[in-house]
Structures are given as C-alpha cells and as structure tokens.
Amino acid sequence: GDSVTQMEGPVTLSEEAFLTINCTYTATGYPSLFWYVQYPGEGLQLLLKATKADDKGSNKGFEATYRKETTSFHLEKGSVQVSDSAVYFCALIPSGGYQKVTFGTGTKLQVIP
Amino acid sequence: EAGVAQSPRYKIIEKRQSVAFWCNPISGHATLYWYQQILGQGPKLLIQFQNNGVVDDSQLPKDRFSAERLKGVDSTLKIQPAKLEDSAVYLCASSPSGGASGNTIYFGEGSWLTVV
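Chains as they are written, first to last, in this note's numbering: chain Z, 59 to 171; chain V, 56 to 171.
Bound conformation, chain Z alone:
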C-alpha cells in the first residue's frame, strides 16, 4: 500500500538557519504530494503541494520539489524563523479513485532565537 516516510524529529535550529525535512513516499502511479503544518494547539494547515513530477510547491518561503525518480518531496526553507516552530507532515493522495490521504508521522521543528 501507499506510505510516506519522514525524517524523525525533533529538529532544532537556530534562527536564520537552513531547513531541510526529508520525505519519501511509496505509491503507484503519480500521486499528489502535500506538506501540512500544525502549530501548537491548532489543526493542520496546507503549506504547499505539487501534483506532478518536477512541480515545485512553494509558500511562505518554504519549497518542495516533486522528484519522481527518487520518490521524494523534501521540504526546504532558506532562513527559518522562531514562528516556524511547528510540526510538519508530509502526505500523499493517490492518483485516481477516492482521495484517501496517507500521512507521514510528522517532524517537529523547534527554532531557537
């Protein structure tokens, strides 16, 4: 079945550091890929998405590129801020059929001043 694997956290970075959170997936066909963010005490918010190979999703300084050849969708940001502290979830929706979402286990990011 479909699966999403994320790097384990927590990840602790200093403000303005470069961020990478790895995400790889297993799925047939061409799934759509998503990054969701969950701030403390809140629900999940869509951060960015990509629906086909080589697409780059971007939002709020975060980017991720859909790499079919490596089945990856790594999240990056050039300069993190304290306000980016949250849990980040990688997810996929398979192509065709009903939209069953598969989530990764989440990566907690803590940014310190």
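Quick caveat, the hints were computed from the structure, so don't treat them as lab data.
Hints may be right or wrong, so weigh each one.
Some chain Z residues close to chain V (C-beta under 8 Å, calculated; not the full set) [stated by the list, open to error]:
#1 Leu-106
#2 Lys-107
#3 Ala-111
#4 Phe-161
#5 Thr-165
Each pair of labels, with its calculated beta carbon distance range [unchecked claim]:
#6 Z:Ser-141 to V:Ala-57: 24 to 34 Å
#7 Z:Gly-87 to V:Lys-126: 46 to 56 Å
#8 Z:Leu-71 to V:Leu-139: 48 to 58 Å
#9 Z:Thr-84 to V:Ile-67: 32 to 42 Å
What you are looking at is a predicted structure, and each value in this text was computed from that prediction instead of being measured.
Here a beta-carbon is modelled for each residue, glycine too, at the ideal position from N, C-alpha and C.
Put chain V on the given structure of chain Z with help from the hints.
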C-alpha cells in the same frame, strides 16, 4: 470562504461516558473525513464519506465509535463508551468531489478530547 467548522473545541469526560463531535465541511465539498490524532503522532483516518455514503471505515472501532453524515453535509462522530486511550484530537476535514488527484484537503481546528 468559510473553513471547516468543528465543535466542541475541548471536551473532558470520564471513562465510560459518551461524547459527540460535530463537523460542518466547506460548502460544496462532497468528501468528508474524520481523523484521530494522538499526541505526538500523525493523523489516522477513522472514516471517509463521499456525499452521505461511507467510502472507508476500516480503522473505525465500530464497537464504540459511530459516525453519520446527515444529508451529505454535516457530520457527527460519537464515542460510547469512551476509554482512556480515546484521548486525542479529532480532526474533521473536507475536499471537493470527483476524486481528482490534486484536490486539497482542508482541516478544521480539531476537537480535543481528554478521557479521565
């Protein structure tokens, strides 16, 4: 555009009591999901509706959990009787219909349940 609405936001109950959560999806969204998120874990799908029909309830503990979607719009998730391990955030989400890949799934703020 109004988002996914959930209530109550917070609930504390004793074990063996019952609780119900309500969800109002984004207008026009045919697909509605209920997820359970235990602290420190990713969301786990409990049940997925397409309009008012159930698409997937394979991970719903049917001996104590039930869900319905009234007229293909609002939905209610009920737990009876509650156990300590049911303490979690219950997330409702919705997405447009059609099954087209790429449709975004929108989440509500969640209903935080503590069973004592």
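Hint check results:
The interface hint given for Leu-106 (chain Z) is broken, as the beta carbon of that residue sits about 10 Å from the closest beta carbon of chain V, more than 8 Å. Interface restraint check for Lys-107 (chain Z): the shortest CB-CB distance to chain V comes to about 6 Å, inside 8 Å, so the restraint holds. The closest approach between the C-beta of Ala-111 (chain Z) and any C-beta of chain V is roughly 13 Å, which is over the 8 Å cut-off, so the hint fails. Look at Phe-161 (chain Z): its Cβ gets to within about 4 Å of chain V, closer than 8 Å, so that hint holds up.
Given the 8 Å rule on beta carbons, the hint for Thr-165 (chain Z) is violated: about 10 Å separates it from the nearest Cβ of chain V. The hinted window of 24 to 34 Å between Ser-141 (chain Z) and Ala-57 (chain V) holds, with their beta carbons roughly 25 Å apart. Between Gly-87 (chain Z) and Lys-126 (chain V) the beta carbon distance is about 34 Å. The supplied range of 46 to 56 Å is therefore violated. At about 36 Å, the CB distance of Leu-71 (chain Z) to Leu-139 (chain V) disagrees with the hint of 48 to 58 Å.
Taking the beta carbon of each, Thr-84 (chain Z) and Ile-67 (chain V) are about 39 Å apart, inside 32 to 42 Å as hinted.
In terms of the numbered hints stated before, the structure departs from hints 1, 3, 5, 7, 8, listed from lowest to highest.
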